[in-house]
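Asks: Please work from the sequences and hints to get the whole structure.
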Amino acid sequence: MTQPAILRPKELKSNDRGNGARTTPLVTRKCGSTSMINGITAFDPGAAIGLHKHNCEESVMVLDGQAIAEIDGLQYPLGPNDTTWIPANVPHRFINASETEPMRIFWIYASIDATRTMIATGEERPIDAEHHQQGAKS
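For the sequence shown, position 3 matches number 3 in this note's numbering, and the numbering has no gaps at all.
The hints are simulated quantities; they were obtained by calculation from the structure and are not laboratory data. Be aware that a few hints might be false.
[Unchecked claim] Listed next, with one range per pair, are the computed distances between beta-carbon atoms:
hint : residue 1 : residue 2 : range
1    : TYR76     : PRO102    : 17 to 23 Å
2    : PRO4      : GLY50     : 30 to 36 Å
3    : PRO4      : GLN75     : 36 to 42 Å
4    : ASP82     : GLY50     : 35 to 41 Å
5    : SER33     : GLN75     : 27 to 33 Å
6    : SER111    : LEU74     : 22 to 28 Å
7    : PRO4      : TYR76     : 20 to 26 Å
[As the list claims (entries may be wrong)] Result set (BS3-like, lysine-lysine): computed pairs, CA atoms no more than 27 Å apart in a straight line:
hint : residue 1 : residue 2
8    : LYS10     : LYS30
9    : LYS30     : LYS13
10   : LYS53     : LYS13
Glycine included, every Cβ here is placed at the ideal spot set by N, Cα and C.
Replies: As structure tokens, then:
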């Protein structure tokens with residue numbers, strides 16, 4: 001039987017996503033999950049991640065700061081506790097709307113086998129691969 005897990009983000013390693021964004025994986029295969037993945041992504045002031053899509057549903061909640069959610073070509077301003085639900089294969093990205101304050105989001109993928117496909121390049125990677133990057137830093 002798989003054991004429950006207590007995860008403390010401040011004690012876990014973060015992966016540099018580039019462009020001022022860092023992701024801390026939380027629930028993953030590593031802790032025994034068989035059906036979902038979640039984590040936190042922190043954005044420096046003005047930072048954004050590239051437009052992408054997933055092979056499964058995703059939900060994102062803004063924890064801190066002011067965000068812009070760009071979903072299927074439309075932009076939505078979001079603040080703390082605002083939450084999105086994004087169907088599979090819908091292009092989207094998150095942007096820190098502030099040039100002076102950091103922003104953090106909590107995300108959940110509805111599949112342990114979630115992938116990310118970058119719209120600009122068509123490159124597809126398993127989310128799991130990002131969680132095991134060499135050189136991850138805390």
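Asks: Starting from the hint list further up, note which numbers the structure goes against and sort them upward.
Replies: Structure breaks hints 4, 7.
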